[in-house]
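Protein chains in written order, with the numbering used here: chain A, 1 to 357; chain B, 1 to 357; chain C, 1 to 357; chain D, 1 to 357.
None of these hints come from the bench; they were simulated from the model. If a hint is listed, it holds; no wrong ones were tucked in.
Because identical chains cannot be distinguished in the list, a pair is counted as satisfied if it fits within a single copy or across any two copies.
Derived DSS-like pairs (lysine-lysine); straight-line CA-CA distance at most 25 angstroms:
(1) Lys317 with Lys255
(2) Lys143 with Lys167
(3) Lys255 with Lys185
(4) Lys255 with Lys198
(5) Lys146 with Lys42
(6) Lys317 with Lys60
(7) Lys75 with Lys146
(8) Lys62 with Lys42
(9) Lys60 with Lys42
(10) Lys42 with Lys143
There are 4 protein chains.
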Amino acid sequence: MSHNSFGKNLVFTSFGESHGSTIGCVIDGFPPGMHISAEEIKVELRRRATGQSRHTSQRKEKDDVQIVSGVFEGKTTGHPIALLIENTDARSKDYSDIATTFRPGHADYSYWHKYGIRDYRGGGRSSARETTMRVAAGALAKKWLKENHGVEIKAWLSQIGDIQLTKGDVSLIDSNPFFTGDVAKLPELEAFMDGLRKSGDSVGARIDAEAIGVPLGLGEPVYGKLDAELALAMMSINASKGVEIGAGFDSVSQKGSVHRDEIVGGEFQSNHAGGILAGITTGQPVTLSVAFKPTSSLRIPGRSENIHGEPIEVVTKGRHDPCVGIRATPIVEAMMALVIMDHILRHHAQTQSGKQS
Amino acid sequence: MSHNSFGKNLVFTSFGESHGSTIGCVIDGFPPGMHISAEEIKVELRRRATGQSRHTSQRKEKDDVQIVSGVFEGKTTGHPIALLIENTDARSKDYSDIATTFRPGHADYSYWHKYGIRDYRGGGRSSARETTMRVAAGALAKKWLKENHGVEIKAWLSQIGDIQLTKGDVSLIDSNPFFTGDVAKLPELEAFMDGLRKSGDSVGARIDAEAIGVPLGLGEPVYGKLDAELALAMMSINASKGVEIGAGFDSVSQKGSVHRDEIVGGEFQSNHAGGILAGITTGQPVTLSVAFKPTSSLRIPGRSENIHGEPIEVVTKGRHDPCVGIRATPIVEAMMALVIMDHILRHHAQTQSGKQS
Amino acid sequence: MSHNSFGKNLVFTSFGESHGSTIGCVIDGFPPGMHISAEEIKVELRRRATGQSRHTSQRKEKDDVQIVSGVFEGKTTGHPIALLIENTDARSKDYSDIATTFRPGHADYSYWHKYGIRDYRGGGRSSARETTMRVAAGALAKKWLKENHGVEIKAWLSQIGDIQLTKGDVSLIDSNPFFTGDVAKLPELEAFMDGLRKSGDSVGARIDAEAIGVPLGLGEPVYGKLDAELALAMMSINASKGVEIGAGFDSVSQKGSVHRDEIVGGEFQSNHAGGILAGITTGQPVTLSVAFKPTSSLRIPGRSENIHGEPIEVVTKGRHDPCVGIRATPIVEAMMALVIMDHILRHHAQTQSGKQS
Amino acid sequence: MSHNSFGKNLVFTSFGESHGSTIGCVIDGFPPGMHISAEEIKVELRRRATGQSRHTSQRKEKDDVQIVSGVFEGKTTGHPIALLIENTDARSKDYSDIATTFRPGHADYSYWHKYGIRDYRGGGRSSARETTMRVAAGALAKKWLKENHGVEIKAWLSQIGDIQLTKGDVSLIDSNPFFTGDVAKLPELEAFMDGLRKSGDSVGARIDAEAIGVPLGLGEPVYGKLDAELALAMMSINASKGVEIGAGFDSVSQKGSVHRDEIVGGEFQSNHAGGILAGITTGQPVTLSVAFKPTSSLRIPGRSENIHGEPIEVVTKGRHDPCVGIRATPIVEAMMALVIMDHILRHHAQTQSGKQS
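Kindly produce the complete structure, drawing on both the sequences and the hints.
Here it is, written out as structure tokens:
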């Protein structure tokens, strides 16, 4: 298994660096016969794109995705679907001064010591640019889940710094740059972000997500449990530092008599389980939360060392998000879609094969 | 890849049910030449065993592990190491009344709907009995990590219900049934657990863990990041609902100027990263936390339904832990050891192969 | 993926050495709900067993297989099925003189140089004893294929030394120790084998196999083609040196106008393809052949060296088959069954998942 | 694991169709620090290219490969290496009449029945066009093997139709369109091919290959044996119908006293094993042979049916090779290189990790 691949029966492989000529991905194992167009994928890509408000990095990429294989006359063929995007707004000069610098809290230090070589342009492979392809692949998975199983996946910002946000009106999440349905808080968020940007600092964020309509019975004990693979998927996203399923860390102080989700009249009375019992879905909504750390690319000087072990002071000048967590929202959705779709395929492999093919 | 396997170059596969005749595991890819005895494995198994204090399930298993392959004249041979343990204290009669019952918050419901068949004796495959083999396999990984890389892994109870515990004196963790080094809190813990047992209720727990001496450079971007695979490993443990790396969910309200770990004089000034940057170790201690939910096996009646969809009331009478999280401590250590050792092997595959073999 | 595992959605993992206490296997991903008993598995094991005629090794193993997990009340549960067999007739004293010896043509040399340690008792992990578990696992796969898809798999001896055998009467294959339906040749075979045994020499064999009723559409281009995975499966059997699909090496001198299997009236007019086109089944019988080398365990002295690089002369005294290829017949069937069943599960994962689960 | 991926620690994934806009591949797990240029890859691609003599298909592709990721300042970074080639000479009009036709002996039939949809242009995914990427990836593996372990891999045509060819002078293999060192036979080969082309028929071929300098100890019992994975690799090549290691099918009629490779004075006296004992290399040259069937694209009419089950007669008019086996020579080398390199990485993972990283 490649380290840049994800999934078992639906396998997603990404490649490309922040400032390379092209980024791309290969989706293998996708069922044949689904209609898909580049335009449908772009709808999701635009949700993730930078440069759309003053609150995100000003890098402007067209994200003009091309489907170069696996689709014939508009339909998936069952063969590997390759998607390519050319990088068009990669300003390598912004990064030349960090070729020998380890920015505090960045991949620079660990990449250099691991590989002995580092593509320092815009973070190279460690850049969030890679997540573009996750969103692209997720667009196919979301469509397939919707069409075939009626699954709907939605994520939103639930906390940024100390500002707590309610789920609010889900239909409004895409109407603002904060991915929040708690639109009454928008002025507070704008003010907070403007202050942050001025101070040259950054902040963390919490994203909540929900998948509705997930079939009962998905998840593969004991090392392919749905929650375990969702945890891997979420923790693989840049800047992620924590994952919760259902009640998450609140479970620690809960009593069993509270946590267990009783059933009355065929209906669960609560969903502390987050829709997953013993690693397998119950038919309730699958719910999770992800913690994202504040980016370490700051205008406030930080102490570090260079590749020669000499002490240095680092000030980041490139284009960066003061809160990378916000834009993680569509990435969380995409990863959730890829995991759930893969599990539907796996589940069917084991349980629905005793029939004439 | 089997769903009951874990790892890439070091692959661990477990099998067996709570009340089957035998549980076991196969460890493949283990380097040849390490001395190992069944007795060394039993030392770790006794740390996890039930029936040793009044605060855990009274099931008493000898856990008399046998090494049946992969070891010759006391040393690993490089071939699959199979470990077997016979179940000796499995009282199936305790469970006969739940054959058609879905206990609230249990695997019963999801397993039944997934497979259409369920080994209801003691939870069958979903029982924490399976984790015995994780600890057994972890014993080998811990020994190898210590001998070859000086890595030390330690976990402890950091919260139970609303009682917060400090790390305290790590050398005392194994001296009490709560895996706490904060021994001043022992009377409070005893009293809390006695009250809980009397009430027939249960409670959640939080386990913290630390690996010291982990080599710099482990972890494989972007889907085999060390933190992502630790998240999968931890979330695969029974009753786990959340995982944090380093600062975890506290990152959400942190500023970047606080979170980033500055380097002065070659030394990191903090460890909010939990020893992992961009999925790769930095040489700092790898730190994580895991949330465990309260067990749903309670003497307090709960409302549910049976396999026929009829409403029922469930009272659990079998032997159970009022806090399953406590005993997860050695399991967390074992999973951490298996992940880190696997990553050392993977890292060497890619980076140290340009030599005459 | 473990190196001692095989398959993708149906995963088979074996462990154990020739003279260890126990050999075993784990079968994961098996569909739930199939009836299976140890007795049904033993039927296949007896077909492979040694010590049943004077033409095979005189080692007599009871092969008293136990199902220790994954089966509840006689039916598979969807969880890992573990099978164990205790070794009872392992005479380690026969092998003590070869502890430092590299027998010519044996695993001794390559194992020692790879691992730096070697379980020399009866060949350790390299012994054909391991194939017992392949046959055991294959018994489950054969039953499932028969019950769910009507697939029948049969292998037979087609050549031994220079004696060519026709397919003959398939129903007679299991009635003689040579797995031949060409029963007219039995006297010639008996005489040939008796002469071989007296001379202390050994000989190779060719096994042909056929799977009838294999569903159309199995196989996964381009690296999971059915023929490619059959080749891996067959070449993984001890002593195998060659694999052919359909016309095999005869294709080299064939013209395209002869090789291509024309279709008339919905019927293929020939089967040079061996039932596989472009890695995918056509619905015709899947046919293959495997070449097995002569065992190198001879009473005729052979020149070699020991672990110190000193020249030695080796004469094998233990119990051995003069033609290991003969007994490979049920192993070929078992591996074929495991591959085909795995591919049915994979195929369904991709093509039959667009339905409510 | 993706079905379009190959390998374990070195993972190669290909994508793209014969007449799609682009074909490509991703190579993951490649060690960092190796110099590589597009030009070095093109050297290998030109060896495989069509349109260079009258004996191969007249499709002329520039195969202008681009390295779009994983290489920085001319050196591999340890991240996924993506290679892309645009298809420039794909004449889809040649194929429009076969949209509903199953050409005898072709992927058309099996692909259609498997997926229910088929990219019929030039064979789509089943086209030998895919093997371009194998050769491209193999170029990197060959270079790495040479530089780091001194391994040399060479393949040549050993039989075409009934014409047997000796190994001859290996240095001349690349000097003629038949990949033969037996240059005395060139006039006979030319005449044979000219006759074949005139008749509108095709013929099979046998390719022999050899890897010299392969380190002792590569290969992973019992399902990752080197010979087993070479068999999978070779059988995954288009049109392959058989694989032999060392003596191959000749082993069937050999005596053990002949087959076993004795050692005298530290030297093997023969190499019937093909450099592999019990799945592990011995340090002798690794030798294998592959059988390729005659292409089914003929100008001689063949009987078949269309997607509606109606009888049809098929005559192929597109550009095709009368003997696809010849051009398989560099593909065999490439696959051999990928397998051996992957096994060096795997071997080091298990056996060389007990050191400070």
